[in-house]
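Protein chains: 2
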Amino acid sequence: MIPTVSASASSSFAPLIPSISTPTHAPSLSVGKANSLSFPSSPKTSRLSPHFSSLRSPLPMRPPAAVSIEKETMETERPDTFLRESESGEVRVRFEKMIRDAQDSVCQALEAVDKVGKFKEDVWSRPGGGGGISRVLQDGAVFEKAGVNVSVVYGVMPPEAYRAARSASPDQKPGPIPFFAAGISSVLHPKNPFAPTVHFNYRYFETDAPKAPRQWWFGGGTDLTPAYIFEDDVKHFHSVQKKACDKFDPTFYPRFKQWCDDYFYIKHRGERRGLGGIFFDDLNDYDQEMLLAFATECANSVIPAYVPIVERRKDMPFNDQHKAWQQLRRGRYVEFNLVYDRGTTFGLKTGGRIESILVSLPLSARWEYDHKPEEGSEEWKLLDACINPKEWL
Amino acid sequence: MIPTVSASASSSFAPLIPSISTPTHAPSLSVGKANSLSFPSSPKTSRLSPHFSSLRSPLPMRPPAAVSIEKETMETERPDTFLRESESGEVRVRFEKMIRDAQDSVCQALEAVDKVGKFKEDVWSRPGGGGGISRVLQDGAVFEKAGVNVSVVYGVMPPEAYRAARSASPDQKPGPIPFFAAGISSVLHPKNPFAPTVHFNYRYFETDAPKAPRQWWFGGGTDLTPAYIFEDDVKHFHSVQKKACDKFDPTFYPRFKQWCDDYFYIKHRGERRGLGGIFFDDLNDYDQEMLLAFATECANSVIPAYVPIVERRKDMPFNDQHKAWQQLRRGRYVEFNLVYDRGTTFGLKTGGRIESILVSLPLSARWEYDHKPEEGSEEWKLLDACINPKEWL
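Heads up: the protein sequence lines correspond to chains Z and A, in order. Using UniProt numbering, you'd call the opening residue of the first sequence number 1 and step up by one each time. Using UniProt numbering, you'd call the opening residue of the second sequence number 1 and step up by one each time.
Just so you know, not all the hints are guaranteed correct.
Said to hold, decoys possible - Dumping the calculated DSS-like pairs for lysine-lysine here, alpha-carbon to alpha-carbon at most 30 Å:
(1) A:Lys323 x Z:Lys372
(2) A:Lys381 x Z:Lys120
(3) Z:Lys372 x A:Lys120
(4) A:Lys242 x Z:Lys323
(5) A:Lys349 x Z:Lys349
(6) A:Lys349 x Z:Lys372
(7) A:Lys118 x Z:Lys323
What the hints assert, rightly or not - Sample of chain Z residues at the chain A side, in silico, Cβ under 10 Å:
(8) Pro79
(9) Asp122
(10) Gln327
(11) Glu335
(12) Ile357
(13) Val359
(14) Ser364
Said to hold, decoys possible - Sample of chain Z residues lacking proximity to chain A, with all beta carbon distances greater than 10 Å (derived):
(15) Ala112
(16) Lys242
(17) Asp246
(18) Gln288
(19) Pro308
(20) Leu361
Since the hints were made in silico from the structure, they are not lab data. We treat Cβ as the ideally placed atom computed from N, Cα and C, and that holds for glycine.
Build the full structure now, drawing on both the sequences and the hints.
Structure below.
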């Protein structure tokens, strides 16, 4: 079943959307010996159909053999560009340069904060064009796990998505719509429970619909996920986001702050995963140059928004109870990312590079049955703010 | 959007399916002060629609106000039955008695193994009928987290599911189909990395379609998830499953063993979460009495299949590396349950009792970037068996 998810689904850490020939599962590349092990056929998709079908056929249907999809190739060197040689789209070129510069400067700043941990780099490409650079700092002095990825993807959007979107008649059957996507995405999980997690992701999309003008749009955001509230930290973080927004449009911050609160919502808990920031998607009703500059400004604001906070909190003394609460909130982070995040779930379903997609998950997380923080406690205050988003400025 | 998932989706730890008037999110009951906090409106579902919609409307759509759904009420005492007073379905009555007896005997056996930890019990009911008993032993001497739940649910199946299943014309619009579901579900996560996790779940469904005879079916299974392979343990576990199956039909074990390998498959990893056991669903093409006896036999086989293994392994010495590997495999367990398990995902989307659904998650779990066990190591052997399911008998 082809998921009818928009190509703009990659709002997460996922390396955007892979070029997919058939959206079925693919062999994992994360297994040491995987390539020489035989891969199982896909599980019976028939179990997803309504149960009545099996009143007629109670035996589990045997799955069809897995269909191969284009997988990434690991590279030993970073190429100058992941764009195709014939590429002439100027915004594509400048956007790729921007995210690669941002990756360099963010990683450099984080290594300076951590002092001990160093980023490990994996470079990959796809035979059909595109690729990515994944950088991970794991188990450093300050950071439990920090991932900063860039990717450039040439893909094909399922026709259903395009048809639904254009309100075309169901009789019309346009072919698959080629698209281009480039983005930077990052999740930083510090060790100290008083130092917050931060996530950011900025991306640019283009489509080439047959007999239609090229469509393009920008998306992204930066959001803060602490386990404990330090109001000064949250105000600082939001004020940097607001400042970046205000340079372009005074309506941006209030709109994108609200959008962020709406997006990072764990429905089944009735909570957000954190205290928000900004989030936007599908932006194309502004000047393209302005939005490129805006995305650049946002990406360049991550370090000034976050580093002063983590510097203040990274060495604060804490006890086991603080750590356990941080781990519980990390469990909520896992729930959001695996259940709701559109980029992650789309990436998982369509054979994206798993290690790049799931590097957003924390090194460790915790689930306690029916945990209820004591009313009025610091833990309760955080939870209250995740249930009832506040205006921080 | 109403998920067109079969009512038999509850193959997990989830307390089956709640009676739903509107499948939207509901306030969390797990938050200490939640009932007195104001709840947020639901996030904009419009973000799930294809991105093109926002080319016409770039602003995030404000969500509609949350619609109330029937939530559970916490009870101070276990009722004799969760069945409605007018209940006359004999199999319903006997199935409820069976799962409640099984819950008692499993919990008693586990407390005897743990010696220190005791089960905490939560009893809940729904105003429209049905309810459940959740029992959790957390942070015991042997068990990190052990949950054993029973539930009895009166629900309504979305008409789409019924229509699709019956291959009826799309013009026919049957009303929602009432159903009844009762089940026991359990996940036991021990502390020692050499002691395996076990999950089991047995359930019985009935539907009352208008102008159609009552439909019924059984589902369930028991599966083993170790972090390290002790072949004797796995053989013992599978042999007890086979023995239970063989009493009823010699085809059961091979079919249900295969079904289990197919079901507990983490598509994006190309791995199973564990080493299988048995799994079946939608069974109704046998004598109803036979299947009731079979489900009873399976439920009664959990303790003989599992307890000897955990007794052998619970006190084995281990080091940090063993523990870290166990935690990594627990991460895979979380991935399966949150991304693929039909009962869990359906429960999360439709407002089931969150604490009962998610008690299946381990107390703690771990994700390392690009972890690859050394070829030939014990960790690698486990992974190999998860990628290439074996015949253990």
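Mind listing which of the numbered hints don't hold for this structure, in increasing order?
-> 4, 8 and 20
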